[in-house]
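Based on the provided sequences and hints, a complete structural model is requested.
Protein chains in written order, with my numbering: chain A, 1 to 352; chain B, 1 to 313; chain C, 1 to 279.
Simulated from the structure, these hints should not be mistaken for laboratory data. Remember, it's a predicted structure, so these values are computed and weren't measured experimentally. Cβ atoms here follow ideal geometry from the backbone N, Cα and C, with glycine treated the same way. Hints are not guaranteed to be accurate.
List time: in silico PhoX-like cross-link candidates among lysine-lysine, alpha-carbon distance up to 20 Å [stated by the list, open to error]: (1) C/LYS109 - B/LYS144; (2) A/LYS160 - A/LYS174; (3) C/LYS49 - C/LYS61; (4) B/LYS149 - C/LYS61; (5) A/LYS137 - A/LYS160; (6) A/LYS110 - A/LYS174.
Have a look at the derived ranges for each label pair, beta carbon to beta carbon [as the list claims (entries may be wrong)]: (7) B/LEU307 - C/LEU23: 45 to 55 Å; (8) C/LEU60 - B/PRO225: 32 to 42 Å; (9) B/ARG16 - A/GLY169: 47 to 57 Å; (10) B/TYR75 - C/PRO54: 30 to 40 Å; (11) B/ARG16 - A/ASP35: 47 to 57 Å; (12) B/THR302 - A/GLN140: 14 to 24 Å; (13) C/PHE107 - B/THR302: 18 to 28 Å; (14) C/PRO54 - B/ASP220: 34 to 44 Å; (15) B/ILE84 - C/VAL80: 13 to 23 Å; (16) C/SER104 - B/ASP220: 41 to 51 Å; (17) B/ILE84 - A/VAL23: 54 to 64 Å.
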Amino acid sequence: MTDRAEPPTAVRFARVSRHYGEVRAADDLSFEIADGEFFSLLGPSGSGKTTCLRLIAGFEQPTAGEIFVHGRAMAGVPPYERDVNTVFQDYALFPHMTVADNVAYGPMIKGVPREERMREAAAMLEMVALGGLGGRKPSQLSGGQRQRVALARALINRPKVLLLDEPLGALDLKLREQMQVELKAIQRRVGITFVYVTHDQGEALSMSDRIAVFDRGRIEQIGTATDIYEHPASAFVAGFVGVSNLVAAEVAAAITGASATFSIRPEKIRIERPEAAVPEGHCAVGGRIESVLYLGANTRYAIALDHGGELTVLDQNREEQTGLADRRVGAPVKLVWNRRHIQTIGARPPAP
Amino acid sequence: MSAAAPAIGMPSAWRRVSTALYLRPGLVLFLLLTPPMLWLGIVYLGSLFALLAQSFFYIDGFTGQVVREVTLATYAELFTAANIGIIWRTAGMAASVTIACAIIAFPIAYYMARYATMRTKALFYLAVMLPLWSSYLVRVYAWKLILAKEGIITWLAEHLGFAWLLDGLLSIDVIGGPSLSASYIGTFLVFVYIWIPYMILPIEAALERVPRSLVEASADLGAKPRATFRKVILPLAIPGVAAGSIFTFSLTLGDYIIPGIIGNSRPFIGMAVLQHQGTAGNIPMAAAFAVVPIVIMGIYLTVAKRLGAFDAL
Amino acid sequence: MRSRPNAKASPRAGGTAGWPLTLGAVAGLLFLHVPLAFILLYAFSTEEKSFVFPPPGLTLKWFAVVWERDDIWRAMWLSVRVASISTLMALILGTLAAMALYRSRFFGKEVVSLLILLPIALPGIVTGISLRSAFNLLDMPFSYWTIVLGHATFCIVVVYNNVVARLRRSSPALIEASMDLGANSFQTFRHVVLPNVATALLAGGMLAFALSFDEIIVTTFTAGQQTTLPIWMLTELVRPRQRPVTNVVAVFVVAITFLPILGAYYLTRDTHESGGSGK
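Structure representation (structure tokens):
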């Protein structure tokens with residue numbers, strides 16, 4: 001391999017498409033995943049993210065374009081000859097084998113002698129905190145434990161890229177949060193590229209180095225969590241990742257002076273008295289409180305704007321409230337936010 | 001790759017074949033399907049066509065040789081009064097056996113599906129399945145010795161004082177006879193006995209699929225148990241009955257062993273087929289006769305499909 | 001196997017059945033099984049010319065007679081050979097068909113499934129006379145193989161049903177997981193597919209064996225002068241010689257066919273895969 005300053009590319013999609021008849025599961029996708037990166041494919045179900053994963057794994061072949069894994073073209077390479085392993089959504093543990101045999105499956109196929117591969121498997125199980133459970137059958141494990149076995153089984157081959165297909169989808173909330181932290185820690189320790197498919201934006205934001213947001217077979221935006229959240233490139237991204245206010249062009253003209261649709265995050269907006277002064281570099285718009293929803297840490301307000309339309313505002317319930325004191329339904333307010341939080345939305349219209 | 005991990009057991013040739021196949025799922029499908037399709041296509045479909053072909057040949061009355069010329073002569077001969085009688089007799093028997101099976105099977109299936117505990121249900125299931133799969137001939141034979149003139153039924157009738165009933169039954173014109181084992185009653189009894197497992201299982205499966213909540217809903221809406229049974233359970237069991245009836249009807253239609261062993265030796269379709277191909281050597285006639293149950297079943301299946309029988313199979 | 005709660009949980013909460021229903025159900029079961037008891041009883045009868053009840057006396061000598069009878073042993077041996085080879089062929093062909101059909105969709109799939117089902121959907125006599133017609137057209141002499149040809153044909157669907165049910169229940173991701181971990185198609189078959197369908201295969205094979213061992217309707221048309229055990233029995237039924245001898249053989253036939261069916265039931269009882277469709 002040639003010496004390069006840049007981290008080498010782990011996965012590269014070059015104009016890849018996967019069509020099923022009329023359905024375009026993946027449509028002309030080009031992107032790169034760097035080596036050692038935690039890369040998430042985020043999108044609603046049917047957006048093409050799982051198809052991308054299956055294309056990398058080799059379970060499906062692209063109808064057009066080419067996929068490279070560490071520089072090697074993958075066309076015509078079956079899954080068992082790709083240096084890539086997968087953690088399946090339903091774990092796909094072999095029900096007729098013990099946990100240890102499951103984990104040792106990869107080495108067994110490679111012909112590693114039994115004793116040695118059992119040692120390796122035990123070490124892997126230790127790493128995912130399942131030491132001592134090697135003798136059980138998968139059916140005797142809890143969901144969270146099966147998930148760890150699947151992870152150990154996929155990592156034992158030391159793949160160059162690990163693919164994870166909504167691995168935490170079947171777990172309950174507490175366990176999911178705990179596993180998120182662990183997965184991230186394991187990824188850092190083994191230093192393998194993780195390609196992570198999820199429809200849970202919170203999961204993607206908290207774990208990923210970079211995120212690709214999918215919609216209808218296309219990538220809407222690729223960027224870091226902050227990029228995606230703070231500067232959504234399209235109305236779809238703004239709406240899918242977090243909650244966002246989308247201000248239509250006509251209303252926008254009245255607020256900012258520019259007739260362009262923009263998005264503004266609810267937590268960036270302050271609620272002030274109607275007569276409050278507007279600081280330098282800020283926008284302001286008058287309105288009336290439509291509803292108040294107390295959420296514990298936050299309160300969510302719906303504000304009907306004087307110019308028409310509605311904005312959602314999220315306000316933290318701090319000890320001392322700033323701005324407007326009287327926040328009953330019907331109270332007149334002035335909404336104020338810094339202009340830099342305005343994200344003008346590109347040409348693509350939202351999904352029909 | 002380290003020296004410890006050579007690909008043992010599987011030479012690379014296998015891997016290459018595997019890869020070639022993996023990239024051509026259509027070829028894999030073709031390779032998998034070819035042997036069974038060749039077998040069924042040649043052996044089975046081929047035979048069915050042979051049957052059809054034979055039915056259009058005829059037998060030379062003089063030489064007793066099959067003449068391989070296409071003609072409808074054999075079919076014309078099929079529709080003589082005697083043969084029509086055979087066909088009606090068989091169809092009538094098939095219909096009455098089917099009805100009797102449905103009546104006897106229903107309570108068993110109903111009990112299995114709704115009231116039996118796990119254990120009793122397993123017991124029932126096994127008890128129904130064993131005779132379905134095995135010992136056909138033995139079970140027919142069992143009835144030969146039960147129904148024999150000197151057998152247990154006669155003995156019981158004499159000792160329990162219902163000999164008059166037995167004699168009365170046997171003296172009825174068409175269905176009676178010298179003994180139970182030489183009468184239509186006997187034939188009918190054995191048919192019902194042999195085919196009843198085929199009726200129990202589909203009805204049980206259909207009843208099993210009636211959600212308990214549906215029954216409760218009906219009760220909740222004020223229906224008395226009897227009304228619930230009539231308005232909810234029975235209609236939902238109909239596909240099961242229809243599915244079971246396909247078996248009982250088809251099996252009775254084609255059977256030649258039972259009426260040959262138990263009965264008054266007036267022929268059924270199956271016996272006619274056997275006789276024509278065997279002693280008479282008239283294979284065209286046997287073939288034409290065998291087409292009859294196929295046609296009847298074709299009509300029957302069309303009706304059964306309307307009743308939803310295929311969902312309950 | 002993966003943990004699966006018993007597929008057909010009994011709706012036990014429904015209270016108890018009324019006595020007429022219970023009586024009906026129990027009477028139905030007795031109706032099914034009591035006749036077989038008489039076969040057993042008459043195997044010990046001292047009366048050999050008729051089925052007189054009650055038997056005048058009981059004896060074990062008929063078992064010894066059967067032991068000495070060459071014709072029975074020959075018929076038995078032929079039946080065992082036919083059933084074994086038919087089962088083996090059905091196992092291969094049925095498994096191939098199941099693997100081809102369980103997940104794929106293609107034009108004509110319905111026709112293919114129908115073709116597999118047809119041999120048991122049509123009355124046995126149709127299969128029998130069809131084969132007979134074909135042998136006649138081809139001037140094929142009757143032999144061991146003509147019997148096998150017929151038996152294997154209707155046994156395919158038994159194996160097919162069992163294997164396809166098992167394949168449908170196991171996660172399709174298992175095969176992908178195996179390939180993902182480096183196993184090629186053959187290794188995947190050997191290490192993942194085969195162990196997963198093994199019990200279904202065994203169950204299907206046992207049922208096929210029982211079915212073939214017991215078969216008479218088709219066999220009559222394909223055996224010619226050969227005598228399988230059921231044909232031997234049929235001859236005895238039509239022209240009885242020593243009736244208790246037939247009974248002893250009948251008892252053995254019941255035992256030989258019941259055992260594999262019981263085995264098949266226990267191998268697949270979680271799902272009742274093997275029930276439903278019969279001969």
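C-beta pair C/LEU60, B/PRO225: status relative to the range 32 to 42 Å that was hinted: 54 Å, violated
Given pair status - C/LYS61, B/LYS149, alpha carbons within 20 Å: 25 Å, violated
Supplied distance hint 30 to 40 Å, evaluated on CB atoms of B/TYR75 and C/PRO54: Since the Cβ atoms of B/TYR75 and C/PRO54 sit about 52 Å apart, the hinted range of 30 to 40 Å is violated.
Satisfaction of the hinted span 13 to 23 Å by the C-beta atoms belonging to B/ILE84 and C/VAL80: Between B/ILE84 and C/VAL80, where Cβ atoms are some 43 Å apart, the hint is violated.
Supplied distance hint 45 to 55 Å, evaluated on CB atoms of B/LEU307 and C/LEU23: 29 Å, violated
Range agreement (Cβ of A/VAL23 with Cβ of B/ILE84, hint 54 to 64 Å): 58 Å, holds
Given hint A/LYS174 paired with A/LYS110 - CA-CA distance at most 20 Å: 37 Å, violated
Satisfaction of the hinted span 14 to 24 Å by the C-beta atoms belonging to B/THR302 and A/GLN140: Hint violated: Cβ distance 50 Å, outside 14 to 24 Å.
Pairwise beta carbon distance, C/PRO54 to B/ASP220, judged against the given window 34 to 44 Å: Taking Cβ atoms as reference, C/PRO54 and B/ASP220 lie about 56 Å apart, which means the hint is violated.
Restraint check for C/LYS109 with B/LYS144, where alpha carbons must lie at most 20 Å apart: 45 Å, violated
Satisfaction of the hinted span 41 to 51 Å by the C-beta atoms belonging to C/SER104 and B/ASP220: 45 Å, holds
Pairwise hint evaluation, C/LYS61 against C/LYS49, where the allowed Cα distance is 20 Å at most: Judged against 20 Å, a Cα distance of about 15 Å means the pair holds.
Violated hints, in rising order: 1, 2, 4, 5, 6, 7, 8, 9, 10, 11, 12, 14, 15; the structure is consistent with all others.
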